[in-house]
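Chains as they are written, first to last, in my numbering: chain A, 1 to 347; chain B, 1 to 288; chain C, 1 to 418.
For the record, the hints were derived by calculation from the structure and aren't laboratory data. Be aware that a few hints might be false.
With a straight-line cut-off of 27 Å between C-alpha atoms, the simulated DSSO-like cross-links for lysine-lysine are [what the hints assert, rightly or not]:
hint, chain 1, residue 1, chain 2, residue 2
1, C, K218, C, K249
2, C, K250, C, K302
3, C, K218, C, K293
4, C, K249, B, K55
5, C, K250, C, K169
6, C, K169, B, K55
Across the chosen pairs, the derived CB separations fall in these ranges [unchecked claim]:
hint, chain 1, residue 1, chain 2, residue 2, range
7, A, L6, B, V270, 42 to 48 Å
8, A, M166, C, R341, 21 to 27 Å
9, A, M25, C, E410, 47 to 53 Å
10, A, M218, B, L74, 47 to 53 Å
Backbone N, C-alpha and C define an ideal beta-carbon position, used for all residues, glycine too.
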Amino acid sequence: MVPRFLLGTLATTAAGIAITILIPMVADAFEVMQYTLYVVLGIYTLSLAYIWGLGGILCFGQGAFFGLGGYTFAIAAINMNETTVPFLMAIFIAATVAAALGYFMFYGRLSDVYLGVVTLVFTLIIWKLINSTAGPEYMIGTARLGGFNGIPSVPPLNVPGDPSRMFDPVEVFYIAAFFLIATYLLLKFIQATRFGRLSVAVKENEVRASLLGYDVRMIKLLVFTIGGAIAGLGGALYAAYQSFIDPNAFSLEMSAKVLIWVMAGGVGTFVGPLLACFGLQALSIWISTVPWANSLLVLGGILCFVVLLLPKGLLPGLADLSTWLMARARRRTPPEVILPAPEGKRA
Amino acid sequence: MDYGLVVLIEVLRAIAGLVLISIGLAIIFGMMRIVNIAHGEFLMLGGYTVVLSAKAGINTWVAMLVLAPLVVGLVGVAIERCFIRFLYGRMLDTLLATWGLSLFIVGFVTVVFGNTLEGVSVSVGSFEIGRFRVAGYSLFIILVGAVLLAATVAVLRFTRLGLIARGTMQNPNMAAALGLSPPRIYMVTFGIGAALTGLAGGVLAPITGVVPTMGIAFIAQAFITVITGGAAIVAGTGSASTLLGSVSQLTTFATTPVIGDVALLFIAVVLLRILPQGITGRFFRRSL
Amino acid sequence: MGIDRRGFLKASAASGAMLGASALMPKFATAQGADILVGGLHDETGGLDFAGKPMQQVLGFAVDEINAQGGLLGRKLKLIGADTQSNMQLYASLAQQVALKDKVSVVHGGITSASREVIRPALRRFNTLYFYNTLYEGGVCDRNCFCTGTTPAQTVQKLVPHVMKKWGKKVYTIAADYNYGQITSAWVKKYVEENGGQVLSTDFFPLDVTNFGPTIQKIQAAKPDLVMSVLVGAAHLGFYRQWAAAGMKKQIPIASTTFGAGGTEPILITPEESEGIISCYGYYPTIDTPANKAFKAKVQAKLGAAPPAGNGPLLTELSVCTYEGMMLWAAGVKKAGTLDRMKVIEALESGISLDMPSGKVTIDPVTHHVTRDVYLADLKNREFVILESFAQQPPADTQAVCDLKKNPNENQHYQIKL
Numbered sequence: 001m002v003p004r005f006l007l008g009t010l011a012t013t014a015a016g017i018a019i020t021i022l023i024p025m026v027a028d029a030f031e032v033m034q035y036t037l038y039v040v041l042g043i044y045t046l047s048l049a050y051i052w053g054l055g056g057i058l059c060f061g062q063g064a065f066f067g068l069g070g071y072t073f074a075i076a077a078i079n080m081n082e083t084t085v086p087f088l089m090a091i092f093i094a095a096t097v098a099a100a101l102g103y104f105m106f107y108g109r110l111s112d113v114y115l116g117v118v119t120l121v122f123t124l125i126i127w128k129l130i131n132s133t134a135g136p137e138y139m140i141g142t143a144r145l146g147g148f149n150g151i152p153s154v155p156p157l158n159v160p161g162d163p164s165r166m167f168d169p170v171e172v173f174y175i176a177a178f179f180l181i182a183t184y185l186l187l188k189f190i191q192a193t194r195f196g197r198l199s200v201a202v203k204e205n206e207v208r209a210s211l212l213g214y215d216v217r218m219i220k221l222l223v224f225t226i227g228g229a230i231a232g233l234g235g236a237l238y239a240a241y242q243s244f245i246d247p248n249a250f251s252l253e254m255s256a257k258v259l260i261w262v263m264a265g266g267v268g269t270f271v272g273p274l275l276a277c278f279g280l281q282a283l284s285i286w287i288s289t290v291p292w293a294n295s296l297l298v299l300g301g302i303l304c305f306v307v308l309l310l311p312k313g314l315l316p317g318l319a320d321l322s323t324w325l326m327a328r329a330r331r332r333t334p335p336e337v338i339l340p341a342p343e344g345k346r347a
Numbered sequence: 001m002d003y004g005l006v007v008l009i010e011v012l013r014a015i016a017g018l019v020l021i022s023i024g025l026a027i028i029f030g031m032m033r034i035v036n037i038a039h040g041e042f043l044m045l046g047g048y049t050v051v052l053s054a055k056a057g058i059n060t061w062v063a064m065l066v067l068a069p070l071v072v073g074l075v076g077v078a079i080e081r082c083f084i085r086f087l088y089g090r091m092l093d094t095l096l097a098t099w100g101l102s103l104f105i106v107g108f109v110t111v112v113f114g115n116t117l118e119g120v121s122v123s124v125g126s127f128e129i130g131r132f133r134v135a136g137y138s139l140f141i142i143l144v145g146a147v148l149l150a151a152t153v154a155v156l157r158f159t160r161l162g163l164i165a166r167g168t169m170q171n172p173n174m175a176a177a178l179g180l181s182p183p184r185i186y187m188v189t190f191g192i193g194a195a196l197t198g199l200a201g202g203v204l205a206p207i208t209g210v211v212p213t214m215g216i217a218f219i220a221q222a223f224i225t226v227i228t229g230g231a232a233i234v235a236g237t238g239s240a241s242t243l244l245g246s247v248s249q250l251t252t253f254a255t256t257p258v259i260g261d262v263a264l265l266f267i268a269v270v271l272l273r274i275l276p277q278g279i280t281g282r283f284f285r286r287s288l
Numbered sequence: 001m002g003i004d005r006r007g008f009l010k011a012s013a014a015s016g017a018m019l020g021a022s023a024l025m026p027k028f029a030t031a032q033g034a035d036i037l038v039g040g041l042h043d044e045t046g047g048l049d050f051a052g053k054p055m056q057q058v059l060g061f062a063v064d065e066i067n068a069q070g071g072l073l074g075r076k077l078k079l080i081g082a083d084t085q086s087n088m089q090l091y092a093s094l095a096q097q098v099a100l101k102d103k104v105s106v107v108h109g110g111i112t113s114a115s116r117e118v119i120r121p122a123l124r125r126f127n128t129l130y131f132y133n134t135l136y137e138g139g140v141c142d143r144n145c146f147c148t149g150t151t152p153a154q155t156v157q158k159l160v161p162h163v164m165k166k167w168g169k170k171v172y173t174i175a176a177d178y179n180y181g182q183i184t185s186a187w188v189k190k191y192v193e194e195n196g197g198q199v200l201s202t203d204f205f206p207l208d209v210t211n212f213g214p215t216i217q218k219i220q221a222a223k224p225d226l227v228m229s230v231l232v233g234a235a236h237l238g239f240y241r242q243w244a245a246a247g248m249k250k251q252i253p254i255a256s257t258t259f260g261a262g263g264t265e266p267i268l269i270t271p272e273e274s275e276g277i278i279s280c281y282g283y284y285p286t287i288d289t290p291a292n293k294a295f296k297a298k299v300q301a302k303l304g305a306a307p308p309a310g311n312g313p314l315l316t317e318l319s320v321c322t323y324e325g326m327m328l329w330a331a332g333v334k335k336a337g338t339l340d341r342m343k344v345i346e347a348l349e350s351g352i353s354l355d356m357p358s359g360k361v362t363i364d365p366v367t368h369h370v371t372r373d374v375y376l377a378d379l380k381n382r383e384f385v386i387l388e389s390f391a392q393q394p395p396a397d398t399q400a401v402c403d404l405k406k407n408p409n410e411n412q413h414y415q416i417k418l
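Produce the complete structure using the sequences and hints provided.
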């Protein structure tokens, strides 16, 4: 029989594809464009959901790789007047930097909150440096770094091999959604491989894994690098979609936001963080146009309540709720329904 | 010569500034493992207390040294009761909760008190060192920083409260078995951490001024200082502040504030790479 | 704050309802006879709220005033106010929202140059007219965009010779480290040198720097005759406090291209700390003309007194240019007789000129900037005492690089070469 996790993955993928096809049919152009941003930030969310949820690496500076992806894409695309190679470069640079930082950290046996703070400091250093490039002397090729103002007029995505043919907004939405679903499937696949199970083992008990002879540092480094690459992919799409990138990508807020999404959605799941990302993003846009409310007041209040009411995060919280409801239902129904369905092999 | 002295005073002031902004966090995060993202907002509340009391005609020094810690301490206790107490042992949830709290406090203060309050100025005057004029207030900040460190050592080491607090943080069950009430001790400790932060916010208000969003400027530095310091609260905060403060301030003198900030961050990273448990993970291990 | 929220609510409660309705019926908003929608994108919360809130309030006031006079083309105006929360990403999203979903006829907004460069290209792409009402470094060249604030050639050019004559020829510049600070300090240098002086040093500070101790000592070591401040934002106010605390107020005077532009600076710091700072803007609340007095009285009656006395908007160059931008647009629509974007642009380019609180304001058709009166003022106990006024200053800096008559399709933000 089909393993349960595979069933879930397939169902989620099918739902994702269905929604992707449906949205441009029912929504106007404007809404499609807004949803594109959600999808792009969703990729960014998955990068942290993976390294934290499956690798146990708590990264406070995931924005560094997101921003590096965005900046690499912007600078390369402006110089090349073409977007396919810059797109790949963005992923490559983000992954390389993640690997270098990961090597520095994991082979130094940094862990826990110390690792978190090193990643945070790393992104803050980039933030400070990039913020101080406002002067006209800071150029890479023909791209001006622009400091606090960022890089405007980043070229939109074009068809690979044909720089004159740009994708229109709906096509960009499809591209972003494709990458989101592909990333999700890739991560699910990794989760099912031997390497994926090893990384979970390391997350659950690092000492035990290393005593069993596994190279814990190498495993963590790989997980971190994959996460960096995915964040870089998100950053490149972000820069292409907004057609600008600015140092805020490296800010404390950008890195903390994604932590919040993953945590609110439930660490260890992929769909939960995605839902939390979409939901909180929509909320902060909606709240912006409500004249009677102070945006920060409302957002902050909601976050506080989410933590208190759904301590494990959205998805596990809802799962708990449904278990509880089912348990209640069972108590009332005749006993023959109680028999638990036979479970498939667990990953 | 006179320039050297001026630089020295500025370096000491930078160190004292780091001590001030991080000592409260050292208690709340270092001791209690609450990742308090709203730490910067506690500083802001301290500043607002001083500004609002000064407006109401209360002596600035009283507002700064008495009211600010008192008010923020009470706010801290209230927050602990309503929120934080449900989250002990769930370090990451505290991150999420206090992030929300931080936004909420900024929004709340903006709505209630507005974002345009006159700052306070204290008349300490200034003095001359050779060709340079130095603010007397710099010396006051250095003094407060030193007193704060000394007082924290004294409380933790020589008072019953300090002993009980340290014991409870290490093993709450044992403390409970000995007839103490860990929830109450947590509450008081959190309140003290908040009060120290409020004091710092109050003392810094005359030079930074107060706006609801001012907290964000301090939060990263405070966390980096505490974590670089490591497990021992006072020795850690003191040594990390000294190291980071002097490096960044000297670099700032030699170059620009950006390079100074980057130097601070860079040193912190290198330090953690060499000493993964922070400074007091290796040195001053038996200190507080 | 509750009170002024309410005032604001009155202005825009309807727009909230509108928003709800338009979500369901996107086409409703554009129906003939329905209200004309006006977008306002300002940072009402977050780090820039001190500037954004008064701008949004005054924009609402301008909309009400136009409605009280019978609206435009026989239709009422409605403000779609969106709070961008001092967040660039929200600027992008909300610009899309007001342009494509609400289909507003014009967008007023943006505060920092960074936010303008996010929404300006977007609004151009969405064919939505855009007004940027903030003083800035100059150089925007885009036919879809009108910039109603002052630029360095209008203000810095007057400020520099004035303070050099008064205080001396050696200048030390401290500036915010971003586009505006970089370019403005370059203008300062140019004008100082033109007037036979010397810039000893130009130091840049990121917007989050609060510690100015080393800088103050460096300035003392350099011994300038005056300090030119191009500092921006709440964190940088620390400079003025620390400067006064070090007893430097009586030693070296300060002139500024930014102090008081957003209005909150003189309120946030004490009178002793701000005494004697000389600045130059396109508007001061103390402008002694009947038009300005009447304007101030009307705003106060409607929205309350300015802080710290009340919760009304601060009247500064930022907020008053927002009002004037709205009025210029309304005049353009009246003249064009339609909301059609190109027709309105052509009407505005015909050289529309209005008598406004700040004096006569005329759109320069070549650059889409404005020719306006500028004023030099000294700060005395929180009041801007106007020292001199200069009538009808053209945006000469942008004129040097931008000619929309010749190249109507330009879409650039020129970094003006000095």
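We went through each hint and held it up to the structure:
no. : hint                        : verdict
1   : K218/C x K249/C             : 15 Å, holds
2   : K250/C x K302/C             : 41 Å, violated
3   : K218/C x K293/C             : 44 Å, violated
4   : K249/C x K55/B              : 24 Å, holds
5   : K250/C x K169/C             : 18 Å, holds
6   : K169/C x K55/B              : 40 Å, violated
7   : L6/A x V270/B: 42 to 48 Å   : 46 Å, holds
8   : M166/A x R341/C: 21 to 27 Å : 23 Å, holds
9   : M25/A x E410/C: 47 to 53 Å  : 38 Å, violated
10  : M218/A x L74/B: 47 to 53 Å  : 51 Å, holds
In summary, the numbered hints that this structure violates are 2, 3, 6, 9.
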